[in-house]
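Novice: Given the coordinates of chain A, work out where chain B should sit on it, guided by the hints.
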Amino acid sequence: MSDAISACGFSDEAEYVEKTAAGRRRALHQSSALGMESVLRDELAEVWQECSKPNWDGYGAVAVRERTYRNAERFLLALPLGTRAPSVGAEPDGQITFEWRHSRRRILSVSVSPEDELHYAALLGPSRTCGTEPFFGEVPRLIRELIGRVYDVESV
Amino acid sequence: MLNPSDVPDVDPHELLSRFVLTQRHINRQSGTLKADAFVPHPHDSLSVTRHLQATESEIWGIGARVASERGKTLYGRGDVMAASYAAQKLRCLKDPVPGNPNHVNVCGWPLNDKAAQKLIAMEIAAVAMFVARRAG
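Chain order of the listed sequences is A and B.
One gets our numbering by counting positions in the first sequence from 1 and adding 594 to each.
One gets our numbering by counting positions in the second sequence from 1 and adding 1047 to each.
Extracted from the complex, chain A is given alone in its bound form (with noise of 0.2 Å):
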């Protein structure tokens, strides 16, 4: 069974509830050393004004929706504290993207879609592996490990 089970309830209190943490995970986000605050401010920012028109690629792109930024937003939010920070990019469909690069046989890219779906592809020296996950507000534990081997050469 996933463990990307639905935070996400719908009386006041739980939004109430996922407002307070989101508002903690973000403060706790801000340390430069801890977070993704600066990624978020300036690097999914700069792809949010550069990619929210149609043909930002030149090759005809899907323009980013809002709706894609914001769960961009929240995914960055919600990795764990002390993940390194991926580079920030967009995929010509208006899916925002998450690249953590060790080596050129050593990455993992996440894409956001509007439609709170994690597609992910990853080369790990000989390995490959790619699928998508759900997303409700958490990353998925398999998204978490992921990100933890491509880092891992030891594993090789």
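Hint data in this document are derived by calculation from the structure and do not stem from the laboratory.
Note that CB positions come from ideal geometry on N, CA and C, so glycine has one too.
Wrong hints could be hidden among the right ones.
[Said to hold, decoys possible] If we take Cβ atoms under 10 Å as the criterion, some of the chain A residues that face chain B in the derived model are:
1. Glu640
2. Asp687
3. Glu711
Specialist: Same frame as chain A, now just chain B:
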């Protein structure tokens, strides 16, 4: 450049260039191309230019014109052997167009499978040589 009336099929040993028109496709930390640059979706093929019978200047000239026609900046190109695309079960099909007889479409991407497309694009990016455009 190739003679538009006599364009041969793409040979596996040919070099093919993907022009980079956005900085978002370049990993700032490593200076390499991201898989993002090689993802065809929402299209079903990837547009590239072959080096056959073209000088370096002509290749850059095509890239500059592609960028200009789209109102974009040419940041560089990603060079990949046709055999590398074939290794991912893709087909490199000649597709001469007005102004670029060296144009090629890379076809055969898995349709309706986002993750599989990402993985193939990642494999291509891993072997691509990024050549940055020099000013002047």
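Novice: Work down the list of hints and note, for each, if the structure agrees.
Specialist: Do the hints match the structure? See the list:
1. Glu640: Nearest chain B Cβ about 8 Å off; hint holds.
2. Asp687: holds, 5 Å
3. Glu711: holds, 8 Å
Of the numbered hints listed earlier, not one is contradicted by the structure.
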